[in-house]
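Please put together the full structure from these sequences, using the hints given.
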Amino acid sequence: MLSRVANSIYWLNRYIERAENVARFIDANYHMALDIPDNASAQWQPLINTTGDHELFEELYGEVNRENAIEFLVFDRNNPNSIYSCVRAARENARSVREYISSEMWEQINTFYLMINAAAKETLMDLPHKIFVDIMTASHTFIGITDSTMNHGEGWHFGRMGRMLERADKTTRILDVKYYILLPSVEYVGSSYDNLLWGALLRSASAFEMYRKRHGRINPRKIVDFLLLDPHFPRAVHYSIITAIISMNNITGSPRGTFANKAEQKLGRLLAEFNFASLDEVFEIGLHEYLDQTQTRINGVGSEIHEVFFSPHTIDS
Amino acid sequence: MRFDRYETEGFYDELFDEQNQPRGGADVLIERINALPETELQRRQKAAELALLNLGITFNVYGNDAQIEKIFPFDIVPRIVQAKEWENLEKGLKQRITALNAFINDIYNDQKILKDGVVPADLVLTAEGFRKPCIGLQPPSGVWCHITGTDLVRHGDGQFYVLEDNLRCPSGVSYVLENRLIMKRTFPTVFDACSVQPVTDYPSRLLEMLQQMAPDGVRSPMVVVWTPGIYNSAYFEHSFLAQQMGVPLVEGSDLVVHKGEVMMRTTKGLERVDVIYRRIDDDFMDPKAFRPDSMLGVPGLMKAYSKGKVALANAPGTGVADDKAVYAYVPEIIKYYLGEEAITQNVPTYACWREDDRKYVLENLDKLVVKAVNESGGYGMLVGPHATQAERDEFATRIKAKPRTYIAQPTLALSRVPVLVNDHFEGRHVDLRPYILYGKDSVYVLPGGLTRVALKKGSLVVNSSQGGGSKDTWVLNASGGGSPESPIQDQSQEE
Chain A
1 MLSRVANSIY WLNRYIERAE NVARFIDANY HMALDIPDNA SAQWQPLINT
51 TGDHELFEEL YGEVNRENAI EFLVFDRNNP NSIYSCVRAA RENARSVREY
101 ISSEMWEQIN TFYLMINAAA KETLMDLPHK IFVDIMTASH TFIGITDSTM
151 NHGEGWHFGR MGRMLERADK TTRILDVKYY ILLPSVEYVG SSYDNLLWGA
201 LLRSASAFEM YRKRHGRINP RKIVDFLLLD PHFPRAVHYS IITAIISMNN
251 ITGSPRGTFA NKAEQKLGRL LAEFNFASLD EVFEIGLHEY LDQTQTRING
301 VGSEIHEVFF SPHTIDS
Chain B
1001 MRFDRYETEG FYDELFDEQN QPRGGADVLI ERINALPETE LQRRQKAAEL
1051 ALLNLGITFN VYGNDAQIEK IFPFDIVPRI VQAKEWENLE KGLKQRITAL
1101 NAFINDIYND QKILKDGVVP ADLVLTAEGF RKPCIGLQPP SGVWCHITGT
1151 DLVRHGDGQF YVLEDNLRCP SGVSYVLENR LIMKRTFPTV FDACSVQPVT
1201 DYPSRLLEML QQMAPDGVRS PMVVVWTPGI YNSAYFEHSF LAQQMGVPLV
1251 EGSDLVVHKG EVMMRTTKGL ERVDVIYRRI DDDFMDPKAF RPDSMLGVPG
1301 LMKAYSKGKV ALANAPGTGV ADDKAVYAYV PEIIKYYLGE EAITQNVPTY
1351 ACWREDDRKY VLENLDKLVV KAVNESGGYG MLVGPHATQA ERDEFATRIK
1401 AKPRTYIAQP TLALSRVPVL VNDHFEGRHV DLRPYILYGK DSVYVLPGGL
1451 TRVALKKGSL VVNSSQGGGS KDTWVLNASG GGSPESPIQD QSQEE
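Taken in sequence, the protein lines are chains A and B.
Heads up, the first sequence is in our numbering, so the first residue is 1 and it goes up one at a time.
Heads up, the second sequence is in our numbering, so the first residue is 1001 and it goes up one at a time.
What the hints contain is simulated information worked out from the structure, not anything from laboratory work.
Glycine included, each C-beta is placed from N, C-alpha and C at the ideal position.
One or more of the hints may lead you astray.
[Claimed, not checked] If you want a taste of the chain B side facing chain A, the calculated C-beta under 8 Å gives, among others:
1) Q1243
2) D1254
3) T1349
4) D1393
5) T1397
[Claimed, not checked] No more than 30 Å apart at the CA atoms, straight line, and that leaves these computed lysine-lysine pairs for DSBU-like:
6) B:K1070 to B:K1046
7) A:K262 to B:K1259
8) B:K1456 to B:K1132
9) B:K1268 to A:K266
10) B:K1070 to A:K130
11) B:K1440 to B:K1457
12) B:K1184 to B:K1400
13) A:K213 to A:K130
14) B:K1268 to A:K262
15) B:K1084 to B:K1335
16) B:K1046 to B:K1456
17) B:K1115 to B:K1457
18) B:K1112 to B:K1132
19) B:K1268 to B:K1112
20) B:K1457 to A:K130
[As the list claims (entries may be wrong)] From the derived model, a few chain B residues whose C-beta atoms are all more than 12 Å from chain A:
21) E1208
22) Q1244
23) R1265
24) T1267
25) E1271
26) K1307
27) E1391
28) V1443
29) L1460
Put into structure tokens, the structure is as follows:
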């Protein structure tokens, strides 16, 4: 397939996934903040940190409160990672590959964009849950439509690989920031606050129910284990990397466990790391350090993907 | 809502005759619409508009906030063309395109028609669309203009006339297909009752025609659509056609000439391209052959083309026959190559480089439409009766300075169709652009085409850039149409 088209499909999936994750963060946080009245505004700073855009936020708004945090993360056109900007970028990418994706996919992205474009701030502040659910549903619908209307060929695999890398990255970020906010509250262990805060962390990854089924009681280490190392939970980092490499192998035609280029090599190494990681080791290295390394390695895979598949190499004519 | 109070106001109306009675074939439609519950038609119009918005069939409004996108305005009342009438138009269009193709081929090869003095050589060789690098080219099967969208208008006399030939990169066919889709969704039973000729197979026919053009020896040709990019106003159409044909949509940067062949850059390296349906002007295709400053082009493309390594639709250079000065000679061109009289007429045209014509034009500027020969899309035009004295004076000066660049035509009373305006119907002027595919062995005319509507009351300008919209065009099946009693048919049969 055309390199340009592969690039657009990869990014359009990353952007949709990013928008969904931002919606998840805000929704979970909003509800958590409602439960902790004294400390409400303090909960918004880590949220801004999660996205990695805290410097831009400071420049644009200064102080953090609920209103401007939501404005920044949902609507702000100057924030390239706001939900609005992500959906718009996804749509621009989709528009440039409309002929390649299915009409149904395009229609879903377009409707998604029109919904965000029409969403008014006022109603959002009043009824926040609805729009975030709508955003998550729109993203899930897009994935479902993609899976059932597009050939599961090269283009589809580029899309899924993009989505999985984005998801792995976002899950490490949410885990990183939240863990350090929540850790000082050890005295709450076993209290209702504790359950509340950890519950919010799980909920922002739609992981609450699945965690319960897998591990039962709330336990910080097990939560880290679940979100980082679980090979079956679809938002866990490990799961995302497993799925990403399946797509990568499909694109290159390499047998499992081998590689044909640098991108595949780096992704394979990252998978090996997760296949053989243990929670004790993670904490030995330090959770923050471990997550930071993982993010850097995911970024490295991303750059190699660009280099190998998307860059227009110069050709002597 | 009903048509009871609808008035044709002395114009030729596509759905009603002079007595405000439905024309043959339109009666079923009118009856069905009249039978709809009050406000139902408006509801369906809104539903259709929403569907277009969700489908993303929009164009960007320039000069506004980048976020503003508008749908190409669409009116829900279809235009009806009766089977017999269409049959005649189809014949006329096929005749015309066959002659024009022969003309283009002749101009770039033997130039017999110039040597025989049928068309003045200096007119042709100075035409804006004439391309020197095309001299001596022999496109596969001698076909130059594979895809054409001829603009027709119907005058008050009930006759169709050819307004422009559009032999380069005619656009709009995607709207024909999408309008039809929307109409079938919104009016399934009416559509069914009217027995309409299908347009949906256009992309298959287009693909088939493009595949036929592949260089000799290529068994499963790689066909691509070439777009200038996402910011082109017709981008939606480029993408739509590529999607419907299931072929890649490429931009200039995706293509490269490598060892004399045209290749595209893929995730697995370079892949050969055999046929290019290009939606980019001649000038920008290859900076080595045409405009050297083109950023969109592919250096070396023309060389590969002239060696038969790749096929282009349309061939470069077809614009020479789009020149309005050449247009004036189309009846002679038809006669010269085919030995036939033109079936579908030109609008009577005064050529300002002929002294008698110029004199007449300058004396009658208030009655005529003056057009610059190299412009299209409604630009560079003077509509005499609607212009101010100052505007007319300015055109008079321009005509005297550069007579070669102007033609003039009588102001036509374009036919009208009813459109939905709030809670009632009003007549609006329309034109018609059928699409023609010139294949290796046969010529195909898409039944119907794009009916463009001047949505502003009284306006004659149908261009989408200037307040035009569109309608679905229903060409009826011969058996399903109404009684063939309308006056136009009598006229066309007299020919």
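Out of the numbered hints, which ones does the structure contradict? 3, 4, 5, 8, 11, 12, 17, 19, 20, 22, 23, 24 and 25
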